[in-house]
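Trainee: Hey, can you work out the whole structure from these sequences and the hints?
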Amino acid sequence: MKYLLTYFKGMAMGAADVVPGVSGGTIAFITGILDTLLESIKRINPSLISVVRSQGIKGAFYHINGPFLVAVFGGILTSIFSLSKLISYLLVTYPIPVWSFFFGLILISVVHMLRQVKGFSLLRASLFVIGVAFAWGITMFNPIALEMSYLNIFFAGCIAICAMLLPGISGSFILLLLGLYTSVIGAVKSFDLVIISLFALGCICGLLTFSHLLSALLKRYHDETLVFLTGLMLGTLGKIWPWKQVLTWRENSSGEQVPLLEANLSPLAFEQLTGQNPQLVAAIVAMLVGMALVWGLEQFAGKQHKDEV
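Position 30 of the sequence shown, counting from 1, maps to 11 under the working numbering, and the rest follow consecutively.
Hints are computed from structural coordinates only; laboratory data are not their basis. Backbone N, C-alpha and C define an ideal beta-carbon position, used for all residues, glycine too. Wrong hints could be hidden among the right ones.
[Claimed, not checked] Per label pair, the in silico range of CB-to-CB distance: (1) 254 with 71: 19 to 29 Å; (2) 103 with 273: 28 to 38 Å; (3) 172 with 92: 19 to 29 Å.
[As the list claims (entries may be wrong)] Calculated lysine to aspartate or glutamate pairs in the DMTMM-like style (CA-CA distance at most 20 Å, straight line): (4) 225 with 252; (5) -17 with 204; (6) 99 with 205; (7) -17 with 20; (8) 99 with 16; (9) 225 with 205; (10) 225 with 16; (11) 99 with 252; (12) 66 with 204; (13) 200 with 16; (14) -17 with 16; (15) 99 with 279; (16) 39 with 16.
Mentor: This is how it looks when you write it as structure tokens:
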């Protein structure tokens, strides 16, 4: 039952990772598995060879918390392969309610994370502002178009997985900035094993290196790291804002015209400029559902922690 629940948390992470602007790391933090995930990944290092020699493969598997990792990454992969088409469809067909849902989810997550910080100082406030400014700046970058080469796919995996681990920074959005999001999602949809394998190899390399840094920061400078990560989350809300005007378009790998640069609008301005229904009621309901989901996860995680204690 314990690992089944972890599997579902992994599925939630995978579903978030598919959406540009939403981070699987945020879901991992909310559900209370981020520290365990980082610590487990950290144990996959050269010293594991001596563990294999002394305890065997089974002992090494349990040394790295193998059942937990299998459950988490099994859930992530399940979502990526099963939900990529659905989420892509929903983002195209019902963009305002879907983005509103994620907006509410991220907004309440910021509150949730700040509640974990024990007191504020000038340094922490500065780190929070820097985090907001950094994430906002990234969302304002013009996407570039990297060549679809094997080397670029590998390095894209390294960078994207680092972003996926960070609460607030979306790995999918990093891929979008690199101009490789469509190619990677297309490879998942068509089950292109070569592209998927190269991207996965890059993810593994990035995961094994970056997890050490993030884990060390959370252990030594927990509150400072937390306020910076919360700033990152708040800074990405501009990307997730539901009402946008498309300024420029680009052609994706399927020959379809998709938005490249967008400007945020108020619901009223959106209706006036585009002539489309802003779906304000649906957006508010979806936003509240996103907030309620995080609140529910927070309450559930708190109850679990009490039961374990």
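Trainee: Do the alpha carbons of residue -17 and residue 16 lie within 20 Å of each other, as the hint requires?
Mentor: At roughly 17 Å apart (the allowed maximum being 20 Å), residue 16 and residue -17 satisfy the hint.
Trainee: Tell me if the straight-line CA distance from residue -17 to residue 20 falls inside 20 Å.
Mentor: The hint holds at about 18 Å.
Trainee: Taking 20 Å as the top limit, are the C-alpha atoms of residue 99 and residue 252 close enough?
Mentor: violated (43 Å)
Trainee: When you check the alpha-carbon spacing of residue 225 and residue 252, does it fall within 20 Å?
Mentor: Given pair residue 225, residue 252 holds - Cα atoms ~10 Å apart, limit 20 Å.
Trainee: Given the hinted pair residue 200 and residue 16, is their alpha-carbon gap at most 20 Å?
Mentor: holds (9 Å)
Trainee: Does the hinted range 19 to 29 Å hold for residue 254 and residue 71 at CB?
Mentor: holds (24 Å)
Trainee: Should the hint that residue 172 and residue 92 are 19 to 29 Å apart at their CB atoms be regarded as holding?
Mentor: This hint is violated: roughly 40 Å between Cβ atoms.
Trainee: CA of residue 39 to CA of residue 16, is that 20 Å or under?
Mentor: Given that 20 Å is the threshold and the Cα spacing comes to 23 Å, the pair is violated.
Trainee: So if I understand the rule, the pair passes when the alpha-carbon distance is 20 Å or less; does residue 225 with residue 16 pass?
Mentor: Given that 20 Å is the threshold and the Cα spacing comes to 36 Å, the pair is violated.
Trainee: Could you grab the alpha-carbon distance between residue 225 and residue 205 and see if it respects the 20 Å cut-off?
Mentor: Judged against 20 Å, a Cα distance of about 33 Å means the pair is violated.
Trainee: Between the alpha carbons of residue 66 and residue 204, is the straight-line distance 20 Å or under?
Mentor: violated (38 Å)
Trainee: Starting from residue -17, check that the Cα of residue 204 is at most 20 Å away, please.
Mentor: Given that 20 Å is the threshold and the Cα spacing comes to 28 Å, the pair is violated.
The structure fails hints 3, 5, 9, 10, 11, 12 and 16 (numbered hints given earlier, in ascending order).
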